[in-house]
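Make a model of the complete structure from these sequences and hints.
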Amino acid sequence: MGPVNTPRHNGWVRATHWLTVVGFFALLVSGLEILVSHPRFYWGEAGNVLTKPLFIIPIPASRDTVPTGYNFVLPDQNGWSRYLHFEAAWALVLTGLFYVIAGLVSNHFRENLWPSGLSWQAVTSVIRKHLGRETLTGSASYNVLQRLTYFAVVFLVIPLTIWTGLAMSPAIASVFPEAVIVLGGQQSARTLHFFLTIFLVAFVILHVAMVYIAGFRKTILAMIKGDIK
Amino acid sequence: MNTGRRKLITTGLAAAAGATGLGAAVKLAGKYDLLAPDSSGIYGPGEALTYATQRLLTRHSMAREFRRDQISKVPFVNGPLPKDPALQAAQAEGFANWKIEVKGLVTHPMTLSLADLKRYPSASQITHLACEEGWSYIAEWTGVPLHHILNAAGVRSQAKYIAYHSIQKDWWDTIDMEDALHPQTILSYGLNGGDLPVGNGGPLRLRLPRQLGYKSVKYITGITAIDDVNKYTKSLVPAPPESGYAWYAGI
Numbered sequence: 068m069g070p071v072n073t074p075r076h077n078g079w080v081r082a083t084h085w086l087t088v089v090g091f092f093a094l095l096v097s098g099l100e101i102l103v104s105h106p107r108f109y110w111g112e113a114g115n116v117l118t119k120p121l122f123i124i125p126i127p128a129s130r131d132t133v134p135t136g137y138n139f140v141l142p143d144q145n146g147w148s149r150y151l152h153f154e155a156a157w158a159l160v161l162t163g164l165f166y167v168i169a170g171l172v173s174n175h176f177r178e179n180l181w182p183s184g185l186s187w188q189a190v191t192s193v194i195r196k197h198l199g200r201e202t203l204t205g206s207a208s209y210n211v212l213q214r215l216t217y218f219a220v221v222f223l224v225i226p227l228t229i230w231t232g233l234a235m236s237p238a239i240a241s242v243f244p245e246a247v248i249v250l251g252g253q254q255s256a257r258t259l260h261f262f263l264t265i266f267l268v269a270f271v272i273l274h275v276a277m278v279y280i281a282g283f284r285k286t287i288l289a290m291i292k293g294d295i296k
Numbered sequence: 074m075n076t077g078r079r080k081l082i083t084t085g086l087a088a089a090a091g092a093t094g095l096g097a098a099v100k101l102a103g104k105y106d107l108l109a110p111d112s113s114g115i116y117g118p119g120e121a122l123t124y125a126t127q128r129l130l131t132r133h134s135m136a137r138e139f140r141r142d143q144i145s146k147v148p149f150v151n152g153p154l155p156k157d158p159a160l161q162a163a164q165a166e167g168f169a170n171w172k173i174e175v176k177g178l179v180t181h182p183m184t185l186s187l188a189d190l191k192r193y194p195s196a197s198q199i200t201h202l203a204c205e206e207g208w209s210y211i212a213e214w215t216g217v218p219l220h221h222i223l224n225a226a227g228v229r230s231q232a233k234y235i236a237y238h239s240i241q242k243d244w245w246d247t248i249d250m251e252d253a254l255h256p257q258t259i260l261s262y263g264l265n266g267g268d269l270p271v272g273n274g275g276p277l278r279l280r281l282p283r284q285l286g287y288k289s290v291k292y293i294t295g296i297t298a299i300d301d302v303n304k305y306t307k308s309l310v311p312a313p314p315e316s317g318y319a320w321y322a323g324i
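Chains as they are written, first to last, in our numbering: chain Y, 68 to 296; chain P, 74 to 324.
Treat the hints with care, since some could be wrong.
Just a few of them, taken from the derived set where beta-carbon distance is under 8 Å, the chain P residues facing chain Y [unchecked claim]:
id: 1; residue: Q143
id: 2; residue: N151
id: 3; residue: P282
id: 4; residue: A319
Cβ-Cβ distance ranges computed for the label pairs, FRET-style [to be verified]:
id: 5; chain 1: Y; residue 1: W85; chain 2: P; residue 2: R140; range: 45 to 51 Å
id: 6; chain 1: Y; residue 1: L117; chain 2: P; residue 2: E138; range: 19 to 25 Å
id: 7; chain 1: P; residue 1: H220; chain 2: Y; residue 2: W85; range: 44 to 50 Å
id: 8; chain 1: Y; residue 1: W110; chain 2: P; residue 2: A98; range: 38 to 44 Å
id: 9; chain 1: P; residue 1: G272; chain 2: Y; residue 2: W110; range: 25 to 31 Å
Covered stretches of chain Y (in silico footprint by chain P; criterion: 3 or more residues with CB under 8 Å from a CB of chain P, positions within the stretch not fixed) [unchecked claim]:
id: 10; region: 107 to 119
id: 11; region: 126 to 133
id: 12; region: 143 to 153
id: 13; region: 224 to 238
id: 14; region: 249 to 258
Hints in this document: simulated from the structure, not taken from any laboratory.
Predicted, not measured: the structure shown is a model, and the values here were computed from it.
Glycine included, C-beta positions come from ideal geometry on N, C-alpha and C.
If you want it as structure tokens, here you go:
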């Protein structure tokens, strides 16, 4: 543990963390609500109930035009869901911009996220320690596997989620058609957006699980107040 | 001065600068017609950002057009025909007396039949019709670009939006002049080489391929040039009424 007045997390890291929590939850709920209106996924440019799906999510739909096999139709909530989805997306993008600029300026990424010393040996060593139930908690710094995951989420998965989301927009597609074509089409973008969301949800579950393992009270307080005490 | 106090002052200054910047941005957006009519309320900020950004980006953009072999085998019909008496009556006479009224802030209000419309230069586009629900299809749409009709009617300079009405009771929508004058915004009467089927919006549908399907209102009987969406409509987007969908559907 560092000196008393050295915070575990900087103020701006804590602020952007909790803004991201709120924004991600809003995106997840509204995204699920939009998904319910057509729980079928396709590959390519176009897809509808007359075309072959890539896969179907076996849930009731909020539209009676979708054959789900269920005898009831959920209420249409897409009006506010779409409003909330894009507002939360804006809030997250602006938060993310601030986070990336602050992270670069303050060396936060290099010191805390950049997986320095990355090698197979380093990764397998962490995994071996985990499997051997050797304790990894209490460390003030993240191990190479944690750094690699955080780094990939921040600089790969979240940008890809934004990209695939925007690729569904007919207006954005009119300006950047290649951004849709390289993904395989508008419906492919929608399908990829769904898979990226599943990945992010899995990440959040794992992240919260690790918070529990590392000591819920201590880690949550560190992310709220800054210091571990 | 202790750090707590300095932090407080810095935060205060930053907040004041932010608020001033936001105020200036709103004023500027209003001046350049970048303020969406539904920029108020809890979802106002998101809507304002989306509309202003996409308007700036799409100034000269064209909706994606596809190859003939990419046309969907069946142009999906979204559900059974509406049980609207006026539509059923028009369909019973084979849409022979279909009329479209052009009015509002125009110098020459006019009423046009389908035959009148077909005398204007036509345009065809193979575009994507994407519904906000998630499904889509690609089809070739043929019709008269809306700007031909608006030019013939002489839209006055006060007009900032075009309202378009369906024969269905209480169903209409509005678009800004940029979309109204866009070359791909057409009053469509043909689909994939034939007449536009009634299930896809025939005899006349407004096609707006840079926005999602709900802005492409079916069964058009009226075009009105207006200056203010909020004064004109009680609920902003009555498609379907009271559903509370965003006015701008570029995303």
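message: Does the closest beta carbon of chain Y sit nearer than 8 Å to the beta carbon of N151/P?
response: 6 Å, holds
- prompt: Are at least 3 residues of the region 126 to 133 of chain Y within less than 8 Å of chain P when you compare beta carbons?
  reply: With 3 residues in contact (Cβ-Cβ under 8 Å with chain P), the coverage given for the region 126 to 133 of chain Y holds.
message: Tell me if the beta carbons of H220/P and W85/Y are separated by a distance inside 44 to 50 Å.
response: 49 Å, holds
Coverage of the region 249 to 258 of chain Y by chain P, judged on three or more residues with CB within 8 Å: Coverage by chain P holds for the region 249 to 258 of chain Y (3 residues, Cβ < 8 Å).
- request: Evaluate the given range 25 to 31 Å for the C-beta pair formed by G272/P and W110/Y.
  value: 26 Å, holds
message: Please verify the coverage claim for the region 224 to 238 of chain Y: does it have three or more residues whose C-beta sits within 8 Å of some C-beta in chain P?
response: Held - the region 224 to 238 of chain Y has 5 residues with a Cβ nearer than 8 Å to chain P, which meets the minimum of three.
task: For W85/Y and R140/P, compare the CB-CB distance with the range 45 to 51 Å and indicate the outcome.
output: At 48 Å between Cβs, range holds.
- request: Apply the coverage criterion to the region 143 to 153 of chain Y and chain P: a residue qualifies when its Cβ sits closer than 8 Å to a Cβ of the chain, and three qualifying residues are needed.
  value: holds (count 8)
query: Do the beta carbons of W110/Y and A98/P sit within 38 to 44 Å of each other?
result: This hint holds: roughly 40 Å between Cβ atoms.
- prompt: Close enough to count: is the Cβ of A319/P nearer than 8 Å to one in chain Y?
  reply: Nearest chain Y Cβ about 6 Å off; hint holds.
query: Does P282/P meet its interface restraint, that is, does its C-beta lie within less than 8 Å of any C-beta in chain Y?
result: 6 Å, holds
task: Count the residues of the region 107 to 119 of chain Y whose CB lies closer than 8 Å to any CB of chain P, then report whether that count reaches three.
output: n = 8 at 8 Å, threshold three: holds.
Checked against the numbered hints listed earlier, the structure breaks none of them; every hint is satisfied.
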